[in-house]
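Line order of the protein sequences matches chains A and B. Numbering-wise, the first sequence is residues 1 to 443 according to our numbering. Numbering-wise, the second sequence is residues 1 to 308 according to our numbering.
If you're looking for bench data, these hints aren't it; they were derived computationally from the structure. We put the beta carbon where it would ideally sit given N, CA and C, even for glycine. Treat each hint with caution, since some may be false.
With a straight-line cut-off of 25 Å between C-alpha atoms, the simulated DMTMM-like cross-links for lysine to aspartate or glutamate are [as the list claims (entries may be wrong)]: (1) A:K249 - A:D329; (2) B:K181 - B:D10; (3) A:K168 - A:D377; (4) B:K35 - B:D10; (5) B:K181 - A:D329; (6) B:K88 - A:D377; (7) B:K88 - B:D70; (8) B:K88 - A:E328; (9) B:K88 - A:E403; (10) B:K88 - B:D52; (11) A:K443 - A:E180; (12) B:K88 - A:E193; (13) B:K88 - A:D66.
Stretches of chain A that chain B covers, calculated by requiring three or more beta carbons in the stretch to come under 8 Å of a beta carbon on chain B [unchecked claim]: (14) 128-140; (15) 192-205; (16) 331-343.
From the derived model, a few chain B residues whose C-beta atoms are all more than 10 Å from chain A [as the list claims (entries may be wrong)]: (17) V34; (18) I58; (19) R114; (20) P192; (21) V193.
Next come the chains, spelled out residue by residue.
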Amino acid sequence: MTAYLIRNVSVVGSAPTDLLIRDGVVAETGAGLTAPDATVIDATGLVALPGLVDLHTHLREPGREDAETVESGSRAAALGGYTAVCAMANTSPVADTAGVVEQVWRLGREAGLVDVQPIGAVTVGLAGERLAELGAMADSAARVRIFSDDGHCVADPKLMRRALEYVKAFDGVIAQHAEEPRLTEGAQMHEGEVSTRLGLTGWPAVAEEAIIARDVLLAEHVGSRLHVCHVSTAGSVEVLRHAKARGVKVTAEVTPHHLLLTDEVVSGRSELASPALANNWSPVAPYDPVYKVNPPLRTAADVAALRAALAEGVIDIIATDHAPHAVEDKECEWAYARPGMLGLETALSIALDVVGPQWDLIAERMSRAPARIAGLDGHGLDPAPGVPANLTLVDPAVRRVIEPAELASRSRNTPYARMTLPGRIVATFLRGEPTVLDGKAVK
Amino acid sequence: MIRHLLSGGDLDAATATQILDTATEMATVAGREVKKLPALRGRTVVNLFYEDSTRTRISFEAAAKRLSADVINFSAKGSSVTKGESLKDTALTLQAMGADAVVVRHPASGAPHRLANWVDGSVVNAGDGTHEHPTQALLDAYTMRSRLGRLAGLHVAIVGDVLHSRVARSNVLLLSTLGAKVTLVGPPTLIPVDISPALAPGTDVSYDLDAVLPGVDVVMMLRVQRERMNDSYFPSAREYARRYGLDGPRLRRLPEHAIVMHPGPMNRGMEITPEVADSPRSTIVEQVANGVSVRMAVLYLLLGGNNR
Numbered sequence: 001m002t003a004y005l006i007r008n009v010s011v012v013g014s015a016p017t018d019l020l021i022r023d024g025v026v027a028e029t030g031a032g033l034t035a036p037d038a039t040v041i042d043a044t045g046l047v048a049l050p051g052l053v054d055l056h057t058h059l060r061e062p063g064r065e066d067a068e069t070v071e072s073g074s075r076a077a078a079l080g081g082y083t084a085v086c087a088m089a090n091t092s093p094v095a096d097t098a099g100v101v102e103q104v105w106r107l108g109r110e111a112g113l114v115d116v117q118p119i120g121a122v123t124v125g126l127a128g129e130r131l132a133e134l135g136a137m138a139d140s141a142a143r144v145r146i147f148s149d150d151g152h153c154v155a156d157p158k159l160m161r162r163a164l165e166y167v168k169a170f171d172g173v174i175a176q177h178a179e180e181p182r183l184t185e186g187a188q189m190h191e192g193e194v195s196t197r198l199g200l201t202g203w204p205a206v207a208e209e210a211i212i213a214r215d216v217l218l219a220e221h222v223g224s225r226l227h228v229c230h231v232s233t234a235g236s237v238e239v240l241r242h243a244k245a246r247g248v249k250v251t252a253e254v255t256p257h258h259l260l261l262t263d264e265v266v267s268g269r270s271e272l273a274s275p276a277l278a279n280n281w282s283p284v285a286p287y288d289p290v291y292k293v294n295p296p297l298r299t300a301a302d303v304a305a306l307r308a309a310l311a312e313g314v315i316d317i318i319a320t321d322h323a324p325h326a327v328e329d330k331e332c333e334w335a336y337a338r339p340g341m342l343g344l345e346t347a348l349s350i351a352l353d354v355v356g357p358q359w360d361l362i363a364e365r366m367s368r369a370p371a372r373i374a375g376l377d378g379h380g381l382d383p384a385p386g387v388p389a390n391l392t393l394v395d396p397a398v399r400r401v402i403e404p405a406e407l408a409s410r411s412r413n414t415p416y417a418r419m420t421l422p423g424r425i426v427a428t429f430l431r432g433e434p435t436v437l438d439g440k441a442v443k
Numbered sequence: 001m002i003r004h005l006l007s008g009g010d011l012d013a014a015t016a017t018q019i020l021d022t023a024t025e026m027a028t029v030a031g032r033e034v035k036k037l038p039a040l041r042g043r044t045v046v047n048l049f050y051e052d053s054t055r056t057r058i059s060f061e062a063a064a065k066r067l068s069a070d071v072i073n074f075s076a077k078g079s080s081v082t083k084g085e086s087l088k089d090t091a092l093t094l095q096a097m098g099a100d101a102v103v104v105r106h107p108a109s110g111a112p113h114r115l116a117n118w119v120d121g122s123v124v125n126a127g128d129g130t131h132e133h134p135t136q137a138l139l140d141a142y143t144m145r146s147r148l149g150r151l152a153g154l155h156v157a158i159v160g161d162v163l164h165s166r167v168a169r170s171n172v173l174l175l176s177t178l179g180a181k182v183t184l185v186g187p188p189t190l191i192p193v194d195i196s197p198a199l200a201p202g203t204d205v206s207y208d209l210d211a212v213l214p215g216v217d218v219v220m221m222l223r224v225q226r227e228r229m230n231d232s233y234f235p236s237a238r239e240y241a242r243r244y245g246l247d248g249p250r251l252r253r254l255p256e257h258a259i260v261m262h263p264g265p266m267n268r269g270m271e272i273t274p275e276v277a278d279s280p281r282s283t284i285v286e287q288v289a290n291g292v293s294v295r296m297a298v299l300y301l302l303l304g305g306n307n308r
């Protein structure tokens, strides 16, 4: 196993030092280290972060290998600075049995680019009718701890209560896609001024907020852990703030796109779609389904509330909701397009754009906290002697133009095409082995 | 002149007025023995209809033919579309056939905008989902102008299912551009959120039809599908008709000069009674005739009357 000596690197924003990686762990830190057998990486100007952990990734395998595979998604993740991703259960077949989660887990091991931690479905076939064999998935080789019907809400309150209770036996957590289904029948985008103008059926904020309110009360009642996926509204933030103040065991995630983009982008008024990027935006055609996502892009007021909640800790983590889709599923009428956006290869850049070089905050929201929620030992730990060498090196000075064709994902549905974004991943290490060097995937 | 007509908002006052003035000239053709102009000879207009709409399709077809264009009717039924061909592939096919204009009717909002990305010719939105139907708004404006002599300063009530109405959206945009004031009337369940800032500041909303009628110059009734009651937009067709239908007593609340419009097809007995629909104040049949003139003007200006 090759040793690596990373010279002159700022660990999570602190003063530059050297890091020696040997035998899968950080062997030594300190200025002026020597190791004649080690490959030297000059990291002057770079920042080392604990390897990023994504709690919300769609890898599409099994079932839609034309859109993404475990391997291609893993490569995209490594290039984005990730060392672990949690793979959502809405594959085909659904990851609702020990067999399917073990298959995904094994494919992740074979790809060897990030740790792929499968998420199990809460209900059989994501149908919301009866519990999947959660215990069998927990006991499997994949050691599933997060369960989610993501893409669908566990809408039945009794079923949600039972799921929350049941997973306590193995310290599981239910990750809820909060969407009241009756309030979002046929919904195409955020319900508001823009949906009215465009004649698209609205997805009202209350459909998310009502489910989160119900679920935090259920979690409090049964003393269970709840995780809320992709929080998108200012009202949801208020519900979460209230729940956390009461001591409810709830955590929440926000996606990069909900921190950056507003519903105005659907109307083609790109100058209004992102206040922070008003001068950094290519013209956008109206009704371009690359901006269709669930939950939908919201208003500028929601974006501001989400940013504040992330800074404050009401929202615990950034999760990508990386959702690859084949070209034909996006190059069509808005109503017929599938919802979802790529995220793994751009998430850190969006975070940098949104919060600036607050490295400790970025490490907390994108690595430490998601690793804690997922229970991933060996991830989310700042580089220090004896710690598994799961880390990534970022060049914050580089600004890069996002070219969809250059992404490692099999799909091209990035909402950031041709935008100039700050930051570039230079190298990523998984247990001491480089998965990315010089900004390129090693395999 | 603009390249596509996708939204009532695409038109500024000068362009909209130019279309209406051109339509007035086109209307004289309808009175001739030979109802045909050579203006678009050799040009190809495709009617691409993903929804049944005989009245809109034949209106566009008559308009194109009176301008001597070659007309191809491409109906989604019984075509490659039902075999799952994508809108993009259909667009590329039309492009390869040399369509100078594509008139598109589609159940998905925004489909004409998508189509416009993939063809070089002009795209005319003939109704997309619950979004817009700009030529309907133009023919409505034309009808108001011919009956009442002006548009600026008119007060127009648009009554009914505004939420699902492409006619209402296009009318609000166009009428406000042309200086008319619009009040939207309907049950709160059928008025979309933020309608005034979304479309035109100054647009009023009322839930009380009786209160609005005495102050308007035009009342435009929208078609209301009975099935909406199954989704709890209102309790029953009977209650809807009682609260928001235009009947004889309500007709008499209107000022003397006010006109009654409907884009058709009507639900007689639902949003409008036969007595009102067939009264001299109703412009419903006139609207159909004006539709051909206005669509002639649109095709002429998009295809022939400019520098292309």
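Structure-based check of each hint:
{"no.": "1", "hint": "A:K249 - A:D329", "result": "violated, 38 Å"}
{"no.": "2", "hint": "B:K181 - B:D10", "result": "holds, 19 Å"}
{"no.": "3", "hint": "A:K168 - A:D377", "result": "holds, 19 Å"}
{"no.": "4", "hint": "B:K35 - B:D10", "result": "violated, 30 Å"}
{"no.": "5", "hint": "B:K181 - A:D329", "result": "violated, 42 Å"}
{"no.": "6", "hint": "B:K88 - A:D377", "result": "violated, 48 Å"}
{"no.": "7", "hint": "B:K88 - B:D70", "result": "holds, 23 Å"}
{"no.": "8", "hint": "B:K88 - A:E328", "result": "holds, 10 Å"}
{"no.": "9", "hint": "B:K88 - A:E403", "result": "holds, 23 Å"}
{"no.": "10", "hint": "B:K88 - B:D52", "result": "holds, 20 Å"}
{"no.": "11", "hint": "A:K443 - A:E180", "result": "violated, 42 Å"}
{"no.": "12", "hint": "B:K88 - A:E193", "result": "violated, 29 Å"}
{"no.": "13", "hint": "B:K88 - A:D66", "result": "holds, 20 Å"}
{"no.": "14", "hint": "128-140", "result": "violated (count 0)"}
{"no.": "15", "hint": "192-205", "result": "holds (count 11)"}
{"no.": "16", "hint": "331-343", "result": "holds (count 6)"}
{"no.": "17", "hint": "V34", "result": "holds, 40 Å"}
{"no.": "18", "hint": "I58", "result": "holds, 24 Å"}
{"no.": "19", "hint": "R114", "result": "violated, 6 Å"}
{"no.": "20", "hint": "P192", "result": "violated, 4 Å"}
{"no.": "21", "hint": "V193", "result": "violated, 6 Å"}
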